[in-house]
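There are 2 protein chains.
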Amino acid sequence: MLDDITKQVAESDGEYALDRKDVAKVLYAVDCDDRDALIELMEPLHAADIADLLEQINAFDRMRLVKLYGQEFDGEILSELDDAIREELIEILHPQVLAEAVRELETDDVVDLVEDLDEPQQEAILDALEDSDRAAVEQSLTFPEFSAGRLMQREVVMAPDHWNVGEAIDFLRAQEHLPEQFYHVVLVDPRLRPVGNVTLGRLMSSRREVLLTSIAEETFQTIPVMQEEGEVAYAFNQYHLISAPVVDENDRLVGVITIDDAMAVLDEENEEDILRLAGVDGESRLSDRVIDTTKRRFPWLGVNLITSVLASLVIAQFEEAISQLVALAVLMPIVASMGGNAGTQSLTVAVRALATKDLTGANLWRVVRREVLVGLVNGIAFAVIMGVVGVIWFGSPALGGVIAAAMVINLVVAGLAGIAIPVVLEKAGVDPALASGAFVTTVTDVVGFFAFLGLAVLVLL
Amino acid sequence: MLDDITKQVAESDGEYALDRKDVAKVLYAVDCDDRDALIELMEPLHAADIADLLEQINAFDRMRLVKLYGQEFDGEILSELDDAIREELIEILHPQVLAEAVRELETDDVVDLVEDLDEPQQEAILDALEDSDRAAVEQSLTFPEFSAGRLMQREVVMAPDHWNVGEAIDFLRAQEHLPEQFYHVVLVDPRLRPVGNVTLGRLMSSRREVLLTSIAEETFQTIPVMQEEGEVAYAFNQYHLISAPVVDENDRLVGVITIDDAMAVLDEENEEDILRLAGVDGESRLSDRVIDTTKRRFPWLGVNLITSVLASLVIAQFEEAISQLVALAVLMPIVASMGGNAGTQSLTVAVRALATKDLTGANLWRVVRREVLVGLVNGIAFAVIMGVVGVIWFGSPALGGVIAAAMVINLVVAGLAGIAIPVVLEKAGVDPALASGAFVTTVTDVVGFFAFLGLAVLVLL
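Quick mapping for you: the protein sequence lines, in order, are chains A and B. Whatever position you read off the first sequence (first residue = 1), add 82 for the numbering used here. Whatever position you read off the second sequence (first residue = 1), add 82 for the numbering used here.
Bound conformation, chain A alone (with noise of 0.2 Å):
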């Protein structure tokens, strides 16, 4: 059937993604060492999409097919590939190549593609650029990792901020050299500290002799040089901005950051809460191998083995009860269950509101009170159905009872270590979206187990 599937996933991909067809015309002209065709296949895709391609076939057909494109393989597709699959092919690649393929890049790209190498593939990539790109480079490796200067560029369009429209346009006019992309210029005064953005569709449509002040867009924000990426994605996405001047610590402008860069960071950084959310490593690709991907994801199964060993503990306090009445033993398993999925929405929802910002001092109270309203609430819906269900099933309305009060007791738990424990974790400076899962279904689990069997204890033995 999965085969079948196979097929299906295919054609429901839309039509961005590259089809099974595709690939396997490609592959074919990999067998039959057909350079020609492989160059009039790959030639209509964009470089996003041949990564994607070099990242879906396996080791040994993406030697042979970069092995026959050679020349061709150019730095935009290095710069699109997973770490793994890049620094495989970095090792592959001619040195020819990829001297040439990395000349072509913007400097920022080169950045980003050579700050995960290791330092010998680093220095490959370094000597092959031009002095000033690889002093430009190196000078963006002086910044932390993942700050506002690793992600800006350098080339920035700035005018003094007494300027007219008329002056501006000149000056943009007779420049031999401006950067690929941009969309505003930036004002400074005289000390070089920005002090508003022009949009160009607004400098083109003012007349000349309008200054470049009463034109500035209302929304003006700088971003300073050291601040964290996660930081700078959020204002580009709170303020709706499309590019912003960064600073350094004098206020003075050192770069430019544009939004298509606050895109791509705000997509990783919701991916590694998603990853880090189920337990998983937040920089795992698809394209890892076997043996990396059983290590990042041990740890996580290890602290859960601890979490459910210590249940085991908690259940193990009453193996007398449980040797008297086995059905606890058949039912204990819901009340925990169900307490480990109410904590997890919980967690899930304070999580994100601690990532973007929407739980604050302000609110927090608000907050965890209305989790364990919804946790009580709910709590007394399912407990009125589950203890319909003990009844029906094992003829006991104590038992009813008894599971009725557990899940009340442990969703309302669950409510409350679900916003607490995210906020105790960021207060600590841990990654809440990493670890909240592990303590959480600990409390669930432990309470969980404990209330039911503790008052089964009290109640029917």
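None of these hints come from the bench; they were simulated from the model. From a predicted model like this one, the values you see are computed outputs, not experimental measurements. Backbone N, C-alpha and C define an ideal beta-carbon position, used for all residues, glycine too. Treat the hints loosely; a few may be bogus.
Stated by the list, open to error - Computed beta-carbon distance windows for the label pairs:
{"#": "1", "chain 1": "A", "residue 1": "A141", "chain 2": "B", "residue 2": "K377", "range": "47 to 55 Å"}
{"#": "2", "chain 1": "A", "residue 1": "Q406", "chain 2": "B", "residue 2": "D198", "range": "55 to 63 Å"}
{"#": "3", "chain 1": "A", "residue 1": "P272", "chain 2": "B", "residue 2": "E258", "range": "30 to 38 Å"}
{"#": "4", "chain 1": "A", "residue 1": "E365", "chain 2": "B", "residue 2": "A119", "range": "43 to 51 Å"}
{"#": "5", "chain 1": "B", "residue 1": "E401", "chain 2": "A", "residue 2": "P479", "range": "19 to 27 Å"}
{"#": "6", "chain 1": "A", "residue 1": "G312", "chain 2": "B", "residue 2": "V512", "range": "31 to 39 Å"}
{"#": "7", "chain 1": "A", "residue 1": "G152", "chain 2": "B", "residue 2": "E262", "range": "41 to 49 Å"}
{"#": "8", "chain 1": "A", "residue 1": "L274", "chain 2": "B", "residue 2": "R334", "range": "44 to 52 Å"}
{"#": "9", "chain 1": "B", "residue 1": "I474", "chain 2": "A", "residue 2": "K377", "range": "24 to 32 Å"}
{"#": "10", "chain 1": "B", "residue 1": "V512", "chain 2": "A", "residue 2": "V292", "range": "50 to 58 Å"}
Please arrange chain B on chain A, whose structure you already have, making use of the hints.
Frame of chain A; chain B shown alone:
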């Protein structure tokens, strides 16, 4: 302790978020009925921050604030608000203030604002618009929700594809009204079909006699007007687009989508995936009322109840075995829990890979094999650990062997189910982020309990 943390969370929010003191000052001004102070405090805030502030205070304070703020309330704040709060405010706002606020907005923001409102509220807003804007909004609303047609703006700056740079610049300079934000001039053929994009920066830096077609961007992508907005966001992210022309079924230009809107969609889609994976309705917001939140969380907990009752039914088959050896009841949740966690890891990776189109027909089999192998290797590792724990804890090598074997079985099954279930759901047209968790957990619970208890019966009793 939480009170202490309240403060610290506020402090660690970084410079973009409102801190608790700002909110307190605003509320104090409201308490004092001091309109001037309120306006002075709100003046420096971006509309997005004011919206956040309104979301974070309680309904009573919100009402008083909005009444006091009066005429100052503008349309941008309205379009930044969460749906629930927005509806609440539309009820409260003076009709004249509302009309004023809405008239300030661009038509695509009005569309975004009215599409989720009830009929009477929608009418109230449409009535406030000028006739031409109302017609534009109503036409946008004819496109399906979540389509490119809803997302696009209609004002496009275009030029015939035979023009040169000089002609384009003269044309732009002569326009009375250009859109607030635009980044490209779209080149169109005589039948109004877009054939290329020229960035304003490129236009500015080229000589007058250069043909526009010769400086068009290399990457050019048109968006069909009926395309789903998630696909649009994917295209922007994949191909690093800044703006893209939208075309109708005859490939004629009907509008343009800009990256800031695509970024917002990408962020929303990721947010939905995160929440859905945790069994929370993707539309949930922190500002929802307790009763709405309870209702939104209930269905998933209901599904989980069914899942765990199924698991209990499996356990019930082994009541006799458990009553003979209560250690089985103590250890059985460990196997199920490890399987659940491993399954969640696999399914999250699979769901994300489907969303980002990294999992396709070309690599499905390799990914399935990888997940099964990862399950096997981690299964063996934890089998050894748990086998030893079992022996030490209960002094029974046979019991250790049983739990070890069950662990391997369940982790392999978890890897397989974690990848196969999302793929099958995607094929069936069900959102895998929404439904995979329930199915995978059912499988790992049932297999976990059955393998452990079944092997115990065979080996130990």
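Cross-check of the supplied hints:
no., hint, verdict
1, A:A141 <-> B:K377: 47 to 55 Å, "holds (50 Å)"
2, A:Q406 <-> B:D198: 55 to 63 Å, "holds (56 Å)"
3, A:P272 <-> B:E258: 30 to 38 Å, "holds (35 Å)"
4, A:E365 <-> B:A119: 43 to 51 Å, "holds (49 Å)"
5, B:E401 <-> A:P479: 19 to 27 Å, "holds (20 Å)"
6, A:G312 <-> B:V512: 31 to 39 Å, "holds (32 Å)"
7, A:G152 <-> B:E262: 41 to 49 Å, "holds (47 Å)"
8, A:L274 <-> B:R334: 44 to 52 Å, "holds (47 Å)"
9, B:I474 <-> A:K377: 24 to 32 Å, "holds (26 Å)"
10, B:V512 <-> A:V292: 50 to 58 Å, "holds (56 Å)"
Of the numbered hints listed earlier, not one is contradicted by the structure.
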